[in-house]
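Peer 1: Read off the chains here:
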Amino acid sequence: MKLRVKFSKHGVLRFIGHLDVMRYFQKAIRRAGIDIAYSAGFSPHQIMSFAAPLGVGLESNGEYMDIEVNSLTSSKEFVKALNAQMADGIEILEAKLLPETAGNAMASVAAARYAVAFREGYIPAFLTNPVIVDFCGQSEIIVAKQTKKGETTFDLKPFLYECTYDEEQNMLYFTVDASSSGNVKPALLLKAVYDRCNAEFDEFAFLITREETYLNIGTQESMQLKPLGFIGSDY
Amino acid sequence: MRKLALSDEILLNIEKPARYIGNEVNSVMKDKNSVDIRFAMCFPDVYEIGMSHLGIQILYDMLNRYEDTWCERVYSPWPDLDSVMRARNIALFALESQENIKDFDFLGITIQYEMCYTNILQILDLSQIPFHACDRDWDCPIVIGGGPCAYNPEPIADFFDIFYIGEGETQYRPLLDLYKKCKAEGCSRKEFLIRASQLPGLYVPQLYEVTYNEDYTIKAYTPTVDGVPATVRKEIVSDLTNTVYPQKPVVPFIKCTQDRVVLEIQRGCIRGCRFCQAGQIYRPVRERDVNMLKEYAVKMLENTGYEEISLSSLSSSDYSQLEELVTFLIERCKEKNVNISLPSLRIDAFSLDVMEKVQDVKKSSLTFAPEAGSQRLRNVINKGLTEEVILKGAALAFEGGWNRVKLYFMLGLPTETDEDIRGIAELSDKIAMAYYDTVPKEKRNGRVQIVASTSFFVPKPFTPFQWAPQCTKEEFLEKAYTAKHAIMEQLNQKSIKYNWHEADASVMEGILARGDRRLCTPILKAYQKGCIFDAWGEYYKHDVWMETFTECGIDTAFYTTRARSLDEIFPWDFIDCGVTKEFLKSEWQRALHEEVTKNCKEQCNACGAASFQCGICTMKRSS
Numbered sequence: 001m002k003l004r005v006k007f008s009k010h011g012v013l014r015f016i017g018h019l020d021v022m023r024y025f026q027k028a029i030r031r032a033g034i035d036i037a038y039s040a041g042f043s044p045h046q047i048m049s050f051a052a053p054l055g056v057g058l059e060s061n062g063e064y065m066d067i068e069v070n071s072l073t074s075s076k077e078f079v080k081a082l083n084a085q086m087a088d089g090i091e092i093l094e095a096k097l098l099p100e101t102a103g104n105a106m107a108s109v110a111a112a113r114y115a116v117a118f119r120e121g122y123i124p125a126f127l128t129n130p131v132i133v134d135f136c137g138q139s140e141i142i143v144a145k146q147t148k149k150g151e152t153t154f155d156l157k158p159f160l161y162e163c164t165y166d167e168e169q170n171m172l173y174f175t176v177d178a179s180s181s182g183n184v185k186p187a188l189l190l191k192a193v194y195d196r197c198n199a200e201f202d203e204f205a206f207l208i209t210r211e212e213t214y215l216n217i218g219t220q221e222s223m224q225l226k227p228l229g230f231i232g233s234d235y
Numbered sequence: 001m002r003k004l005a006l007s008d009e010i011l012l013n014i015e016k017p018a019r020y021i022g023n024e025v026n027s028v029m030k031d032k033n034s035v036d037i038r039f040a041m042c043f044p045d046v047y048e049i050g051m052s053h054l055g056i057q058i059l060y061d062m063l064n065r066y067e068d069t070w071c072e073r074v075y076s077p078w079p080d081l082d083s084v085m086r087a088r089n090i091a092l093f094a095l096e097s098q099e100n101i102k103d104f105d106f107l108g109i110t111i112q113y114e115m116c117y118t119n120i121l122q123i124l125d126l127s128q129i130p131f132h133a134c135d136r137d138w139d140c141p142i143v144i145g146g147g148p149c150a151y152n153p154e155p156i157a158d159f160f161d162i163f164y165i166g167e168g169e170t171q172y173r174p175l176l177d178l179y180k181k182c183k184a185e186g187c188s189r190k191e192f193l194i195r196a197s198q199l200p201g202l203y204v205p206q207l208y209e210v211t212y213n214e215d216y217t218i219k220a221y222t223p224t225v226d227g228v229p230a231t232v233r234k235e236i237v238s239d240l241t242n243t244v245y246p247q248k249p250v251v252p253f254i255k256c257t258q259d260r261v262v263l264e265i266q267r268g269c270i271r272g273c274r275f276c277q278a279g280q281i282y283r284p285v286r287e288r289d290v291n292m293l294k295e296y297a298v299k300m301l302e303n304t305g306y307e308e309i310s311l312s313s314l315s316s317s318d319y320s321q322l323e324e325l326v327t328f329l330i331e332r333c334k335e336k337n338v339n340i341s342l343p344s345l346r347i348d349a350f351s352l353d354v355m356e357k358v359q360d361v362k363k364s365s366l367t368f369a370p371e372a373g374s375q376r377l378r379n380v381i382n383k384g385l386t387e388e389v390i391l392k393g394a395a396l397a398f399e400g401g402w403n404r405v406k407l408y409f410m411l412g413l414p415t416e417t418d419e420d421i422r423g424i425a426e427l428s429d430k431i432a433m434a435y436y437d438t439v440p441k442e443k444r445n446g447r448v449q450i451v452a453s454t455s456f457f458v459p460k461p462f463t464p465f466q467w468a469p470q471c472t473k474e475e476f477l478e479k480a481y482t483a484k485h486a487i488m489e490q491l492n493q494k495s496i497k498y499n500w501h502e503a504d505a506s507v508m509e510g511i512l513a514r515g516d517r518r519l520c521t522p523i524l525k526a527y528q529k530g531c532i533f534d535a536w537g538e539y540y541k542h543d544v545w546m547e548t549f550t551e552c553g554i555d556t557a558f559y560t561t562r563a564r565s566l567d568e569i570f571p572w573d574f575i576d577c578g579v580t581k582e583f584l585k586s587e588w589q590r591a592l593h594e595e596v597t598k599n600c601k602e603q604c605n606a607c608g609a610a611s612f613q614c615g616i617c618t619m620k621r622s623s
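Same order as they appear, the protein sequences are chains C and Y.
All the letters of the first sequence, read from the start, carry residue numbers 1 to 235 under the numbering used here.
All the letters of the second sequence, read from the start, carry residue numbers 1 to 623 under the numbering used here.
Bound conformation, chain C alone:
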């Protein structure tokens, strides 16, 4: 039986990288006494997969991992038991039972929504609602991307699903492709916005939170984004 577990990651935990978060959860699951399934073979390991790696320095309200368990308690019990084992900064938000047919977490990811705050002294005076509307209205958004072979350019526009700016709170929100084939790192989009405004870009200016990770229950042409846990159910 497969569970999809949603968690948040804040505070000092943002300095813990993806691989260490995986190792952290392997231990936490043991401590919580969760009846997780193990792979076969000489050195069995827990059956666990993460949806989308979160970069070091980012916070999140919408991280997901899938685990396979041998027996079920209840969503509520599960969340409580695992939360009792969490270090300050990670909180389990929900646990849903997935239908047999569900694809794995990583392959299911279609998009992610980010909220960007600006550090003190870095709030961009040039950023306004009309600027963002203009930015999104471009027919194409050509950006440079570092690859193994060097720098290439590509059009970001098809991978940008939504972008708004909250002038009162000085917060930028956007939803971009986060699938394994087309993942857009938040810094890439931010750089495009700054370039459009001819502003100096400093990656350190931002406090980025991943708000949610989505799967697509629509089609490629007409997407319907839902939180990754949408296809699961409480148990």
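Errors might be hidden in some of the hints.
[To be verified] A few chain Y positions that, by computed beta-carbon distances, are all more than 12 Å from chain C: (1) Y66; (2) A87; (3) Q98; (4) R195; (5) I330; (6) T386; (7) E502; (8) L566.
[To be verified] Stretch-level coverage of chain C by chain Y, calculated; a stretch enters the list once three of its residues show a Cβ under 8 Å from a Cβ in chain Y: (9) 19-27; (10) 83-97; (11) 190-201.
[Unchecked claim] Residues from chain Y that keep clear of chain C, each with C-beta distances beyond 10 Å, as calculated: (12) K183; (13) N303; (14) Y306; (15) N337; (16) K441; (17) W500; (18) I554; (19) T556.
These aren't lab readings, by the way, just hints derived from the structure by calculation.
Note that the Cβ used here is the ideal one computed from N, Cα and C, for glycine as well.
Mind docking chain Y on chain C? Use the hints.
Peer 2: Relative to chain C, chain Y alone:
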């Protein structure tokens, strides 16, 4: 939320920021206003090394059980952060509270190897604590050192207020009580230190004066204040079962060297290998009760979530209840999908059976530590491992499917000849031959792989070899070439791989190991010239060190290659580790006569450790 000492900007621009943020599972947070004593426990090396050290986990747990004390941890900032802290004048902080070390009551530093001495100075420097104990006032924490290198604290004597000689479990409570009392009475720091020096096991270097003969050997070693004891006797835990041991060790976020539950099964060693310091200073052997170990193993696994457990001790095969313990762990761990990482065991039917059960035979290799190539030299060092035993064990293992063997040797042992060195090659070859003799062609899984490694022998205080001259760098390298060529001459040379250690670092280790107080100056100077992380090959600056010794008028040969007379007073002679100098002397003589001494289980050799009245010394022997 806890505020970090380092800004996001710094943390995002250094390697592994997780080293500096604390917040690990089982780390202890307390309200600083509800405790009397703030204790910073330091391992002066990088986080991943320091977090792997059992001793700190034990003391961290013990001190935090005290309601009036909050013990936190601190490790050496890696060079990338080190330079940022210097450039921006950021003071060193403890992981838990993220507050400055300088504001703590105690800074405890474990000193596990000589090559960390400059890192100790880095800790003091970044903490903004004066290097010299005599320059400190009550604004600074009491800097207290412990661990194996505290058995010769003299090369770093100036930098510590106190050294704790022996096992940490026993005297911290009395020391903390004394500290509170002295603070309440408004004592001076000096008065506190004088009173601390009267507690068992505690050594306050600034209360002693050393005078030298013309040749720089020690003339006398005397306390300068009335009531300060002339000798300091090591402290030990007499009952290792009914004592503190952490059930909830701190679990790091990042992968550390020791990434598993560590269960210490015994302390001390019955063997008495003559080169080994640990074998002498931790006497007598004391075992933990097997039922206690079972209970702790289960609890520690539950409380940490680790997927692996390892047993820790010297010569684990000598633990009397090993079979029962290992059988229990295998059963228990299988059911919970936990791996067991075995310590190096004597290779016999039992250990092979266990190894087969807990690890993938194809991937694992056998380890033997004959330490010397010939039986003659093994008798000199009192390593009770014979060629017959090694070949028998190897043959047994080859039958069981193993085909990889690791061999550990030392070069530069007292009385060593080229013939002994060639013995390394010959023994390796015989093991290879044993493979081809034991395993029929059709069952062979490729060629046998033998890796012979040699390290260079460094004489250590409190061993029978403390009188031995150490080899020069040139002699060391010569010996390594001899070994290499001898291996190339063997029939099965293609199956044997040979590795040897860096010679420079062994020379350096030798200078510090048997050093005296005169080394405090060059150590500080070398640090100020940029020497740090000397234990890390890529940072070790041999030339800077040697140049510094010359500038300070120190002849390094005095510490390394010089032959010492039997009546010489050593810098560490004021420490009483139980084993007497007379015993060590007789062992040194027996070594030169190639005489073997029986182990503690076979017979008592009257080493002196029986004065502690515990462990093996109070048990009936089989013979």
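Peer 1: Each hint should be assessed against the structure and marked as holding or not.
Peer 2: Going down the list of hints, with the structure as the test:
Every Cβ of chain C is farther than 12 Å from the Cβ of Y:Y66; the closest lies at roughly 23 Å, confirming the non-interface assignment. Separation of Y:A87 from chain C is adequate, the least Cβ-Cβ distance of about 17 Å exceeding the 12 Å criterion. The claim that Y:Q98 lies off the interface is violated: its Cβ sits roughly 10 Å from the closest Cβ of chain C, which falls inside the 12 Å cut-off. Every C-beta of chain C lies more than 12 Å from that of Y:R195, the closest at about 40 Å, which supports listing it as non-interface.
Even its closest Cβ contact with chain C, about 15 Å, leaves Y:I330 beyond 12 Å, as expected for a residue assigned away from the interface. A cut-off of 12 Å between C-beta atoms confirms that Y:T386 is not in contact with chain C; the least separation is 34 Å. The Cβ of Y:E502 lies farther than 12 Å from every Cβ of chain C, with a closest approach of about 32 Å, so its non-interface assignment holds. Under the 12 Å C-beta cut-off, the non-interface status given to Y:L566 relative to chain C holds; the minimum distance is some 55 Å.
Taking a C-beta to C-beta cut-off of 8 Å, the stretch 19-27 of chain C contributes 5 residues in contact with chain Y, enough for the three needed, and the coverage statement holds. Taking a C-beta to C-beta cut-off of 8 Å, the stretch 83-97 of chain C contributes 4 residues in contact with chain Y, enough for the three needed, and the coverage statement holds. Note: the stretch 190-201 of chain C has 0 residues with beta-carbon separation from chain Y under 8 Å; the three-residue rule is not met and the coverage is violated. Against the 10 Å criterion, Y:K183 stays outside the reach of chain C, whose nearest CB is about 32 Å from its own CB.
The non-interface label for Y:N303 is inconsistent with chain C: the shortest C-beta to C-beta separation is roughly 7 Å, within 10 Å. Not every beta carbon of chain C lies more than 10 Å from that of Y:Y306, the smallest distance being close to 6 Å; the non-interface claim is violated. Listed as a non-interface residue, Y:N337 fails to keep its Cβ farther than 10 Å from every Cβ of chain C; the least gap is roughly 5 Å. Consistency note on Y:K441: stated as away from chain C, and its beta-carbon is indeed over 10 Å from all of that chain's, at 27 Å minimum.
Once the 10 Å rule is applied to beta carbons, Y:W500 is consistent with being away from chain C; the minimum gap is 33 Å. For Y:I554, the requirement that its beta carbon stay farther than 10 Å from each beta carbon of chain C is met, with the minimum near 44 Å. No Cβ of chain C approaches the Cβ of Y:T556 within 10 Å, the least distance being about 43 Å, so the stated non-interface status holds.
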